[in-house]
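Q: The residues making up each chain are set out below.
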Amino acid sequence: MAGSNEVNLNESKRVVPLNTWVLISNFKLAYNLLRRSDGTFNRELAEYLERKVPANTFPVDGVVSFDHVDRSTGLLNRIYQMAPANHAQWGIVNLEKPLSTTEIVPVIIFFHGGSFTHSSANSAIYDTFCRRLVNTCKAAVVSVDYRRSPEHRYPCAYDDGWAALKWVKSRTWLQSGKDSKVYVYLAGDSSGGNIAHHVAVRAAEAEVEVLGNILLHPMFGGQMRTESEVKLDGKYFVTIQDRDWYWRAFLPEGEDRDHPACNPFGPRDKGIEGLKFPKSLVVVAGLDLMQDWQLAYVEGLKNSGQEVKLIFLKEATIGFYFLPNNKHFYCLMEEISNFVNPDC
Amino acid sequence: MEPYGNSGGVSSSASSSSSSSAASITKPHEMDGYLAEAGYMVRSSDLRHVAQRLERLENVMVNSPNDLAHFASDAVIYNPSDLASWVDSLLSASDLSISDLDFPGVIINNHHTALPTADTWAEIPPISAAPPQNHHQVTAVMEEDSGIRLVQLLVTCAESVQRGDLALAGSIIETMRALLTRVNTDCGIGKVAGYFIDALSRRVFTPQSVGSDGGSAHQNELLYHYFYEACPYLKFAHFTANQAILEAFHGHDCVHVIDFNLMHGLQWPALIQALALRPGGPPLLRLTGIGPPSPDGRDSLREIGLRLAELARSVNVRFAFRGVAASRLEDVKPWMLQVSPKEAVAVNSIMQLHRLLGSDSNRNSPIEMMLGWIRNLNPKIVTVVEQEADHNKAGFLERFTEALYYYSNMFDSLEACGAMQPDKTLAEMYIQREICNVVCCEGLARVERHEPLSKWRTRLELAGFSPLHLGSNAFKQASMLLTLFSAEGYRVEEKEGCLTLGWHSRPLIAASAWQVMPLPEATATATNPLGIVNHSANHV
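Line by line, the protein sequences are chains A and B. Sequence positions in the first sequence follow UniProt numbering and run 1 to 344. Sequence positions in the second sequence follow UniProt numbering and run 1 to 540.
Please keep in mind that the hints were generated in silico from the structure rather than gathered at the bench. Be aware that a few hints might be false.
Stated by the list, open to error - A few chain B residues that face chain A, going by a derived Cβ cut-off under 10 Å, partial list only:
no. : residue
1   : 50
2   : 62
3   : 87
4   : 88
5   : 153
6   : 163
7   : 166
8   : 168
9   : 484
10  : 485
11  : 488
12  : 489
13  : 491
14  : 494
15  : 503
16  : 505
Said to hold, decoys possible - A short list of chain B residues far from chain A (calculated; beta carbon distances all over 12 Å):
no. : residue
17  : 37
18  : 39
19  : 54
20  : 148
21  : 205
22  : 222
23  : 229
24  : 279
25  : 302
26  : 373
27  : 409
28  : 451
29  : 467
30  : 471
31  : 472
32  : 476
The beta-carbon is built from N, C-alpha and C at its ideal position, and this holds for glycine as well.
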């Protein structure tokens, strides 16, 4: 059977550019070294290997950034904005004036991926991605850290995401528009997408307004093995075995993958019908072995009467958005831009 | 070989989007621009080779999964940004059973050469860390209260000073002092602002008092001690440098350490003990300590040397000490150090090199001269630790703003360590002296000319040095050290073979190690790395 012990290398090589293949394969192999079979994680080596970059209040690719660290949790939020047109304002952090008093500037809260275990807001790949988001969408982006597994399990990441949402909404310097409010969208890739969903649920229940959710091959799953998992296991960088490991590391001990954190709209989830849930943009990579769960999520949203747009990128693998060297990347950016700037 | 896919008709060197800085068509010898943005250095021409190695590595890992955990904990990895060599190092480690193999530029070490520490511990608690990149960075961790107003005023005041409008600067200082009374000055922005307002005040109102050394060398030594205790920066510096020196001295029987600033010799007991425990026995260790002359006729250098000799004797390490008194580092000449050609030399500079960057109308900065003779000593290793900041900019405003952010982070980090009073205040006074020097002094009087690692890298490479990478071993041990001596929030980061220690996402101090680059005209080989053309049987 096509299992994790077979090495099916040929397929992934055919569908991605060489440098993308090198990047994602490198992650894959490094991550294999870090996960231990007893469920523990070599966090030190992970941090040593992780390529990170500092923020910069001088423009990089037309975008400036600065960091805010929450004193009580030590978690980092990195705020990205379009560089001010006035050179004299470079190198200075503006925390007094709103983003605009006339126009609406969307603020995208971005939860980085990494299967709840890897990466940080200041990882090079995510810093670069957030800068591209700012440029494409003319938005402000707040990339937030959350406590990671296995050291911190469910619901820590969601609690941290919720705290980040409340923080963003209360920043006067992130306000825009004539009615001076923070126009918030939630976004995330992989585990970040999962976090965005659950934070949006909490926001809806607390009647905190979120204008939209952007989920980039979000990390969902379930106890059952779906057709896409079986068919694509090990073929495009990801294996069922590693997915299982990450769920075991994140979910409470002893829980299975039908836990509602992993499987919203599954047998144990209470659903979101009747909730004022934001509209969703869900992007599914056609070569992602978890796509059946993501498609089920989209169905679940529809069945709950929620607004959702599905972008199915047939030939895309996971991580297609890290390097802007493929048509899926440009498609994605345009869709996100239209999603957060609906009147343009 | 299988051709790699060109998905959607877009190749790997396709035209970039307008916002990306990556080269649209990369020449083969250039780094792949998109991978560089992801933190990885791979030449375009090497991509295929790296991909093949990755495939091979995957095959190996799939076939021997039990060895994975073994590699991960035992293999020492250097410079993970250099994908080609990191993959090769893993492949080599997996191909062989435990052995030490030297590859040029890549070293696999399956043992821990650890410095002995006070206690052993079974579990290593997870520590997060991060490596930095860019030049020209100004990172701020801001509080949102009237502290913001203070910062704005500080910057405006500095700008007035730069323009020469001292009257305006003076009135802003008064405003700031008034505002200070309404702000919490025990911590956070209030505290840092207080020190910067004092420094500006000195510069504007009592410029004649500026230019004096800011206190005697003796006072400075005392304050240094409190700074050493109150936060982990100096311990990290010593620890990291010692680890590199220990590795460089491997296999040598006569070793000589030259310390550019002995202070209390705090760095050396650990090295002496580590050498004592070295497999195969300790070498003969000579230590030459440089320091300012003592004012009162005491020979404080010699006193420290005697104490270190005591320690060395107690652990059976043959040891000789020599003190070199000099009020300025540039006054030290190589003949004073009496380096013998048979010994392996380590030059150790903890926050000293930046002092050589000053110049005035009468003389150029002595840095090149110094680096030149250091190179001529033919050291096995030069360990350099410097503040990771750009405090040597010519423009006052830029320098001031950079220092404001740098020292804000430094004070924040000090706060977190929870030192008791009066120790904490004394440690702060040590920092305050640096601030004063950066803000108030000019010309030769300004000795705190900190420059970031990227600039030191260029300078050292131009002077004929090449980097010696500090590996994952040093990183792991620095992280372990942090759990003992510091608080949450400190981060050790790795970047291009160097280690930095900082507060959250801002690196504050950078440690690097260097070796002498082989002379280009000679032929370098593995046994004759300096390419010395010498027909005798011995090599240096």
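Q: Give a verdict on every hint.
A: Hint by hint, here is what the structure shows:
no., hint, result
1, 50, "holds, 6 Å"
2, 62, "holds, 5 Å"
3, 87, "holds, 8 Å"
4, 88, "violated, 13 Å"
5, 153, "violated, 13 Å"
6, 163, "violated, 14 Å"
7, 166, "violated, 22 Å"
8, 168, "violated, 18 Å"
9, 484, "violated, 15 Å"
10, 485, "violated, 17 Å"
11, 488, "holds, 5 Å"
12, 489, "holds, 6 Å"
13, 491, "holds, 9 Å"
14, 494, "holds, 5 Å"
15, 503, "holds, 9 Å"
16, 505, "holds, 5 Å"
17, 37, "violated, 5 Å"
18, 39, "violated, 2 Å"
19, 54, "violated, 5 Å"
20, 148, "violated, 6 Å"
21, 205, "holds, 26 Å"
22, 222, "holds, 31 Å"
23, 229, "holds, 23 Å"
24, 279, "holds, 25 Å"
25, 302, "holds, 41 Å"
26, 373, "holds, 35 Å"
27, 409, "violated, 10 Å"
28, 451, "holds, 16 Å"
29, 467, "holds, 17 Å"
30, 471, "violated, 9 Å"
31, 472, "violated, 5 Å"
32, 476, "violated, 6 Å"
Hint compliance for this structure: hints 4, 5, 6, 7, 8, 9, 10, 17, 18, 19, 20, 27, 30, 31 and 32 are not met, and every other hint is.
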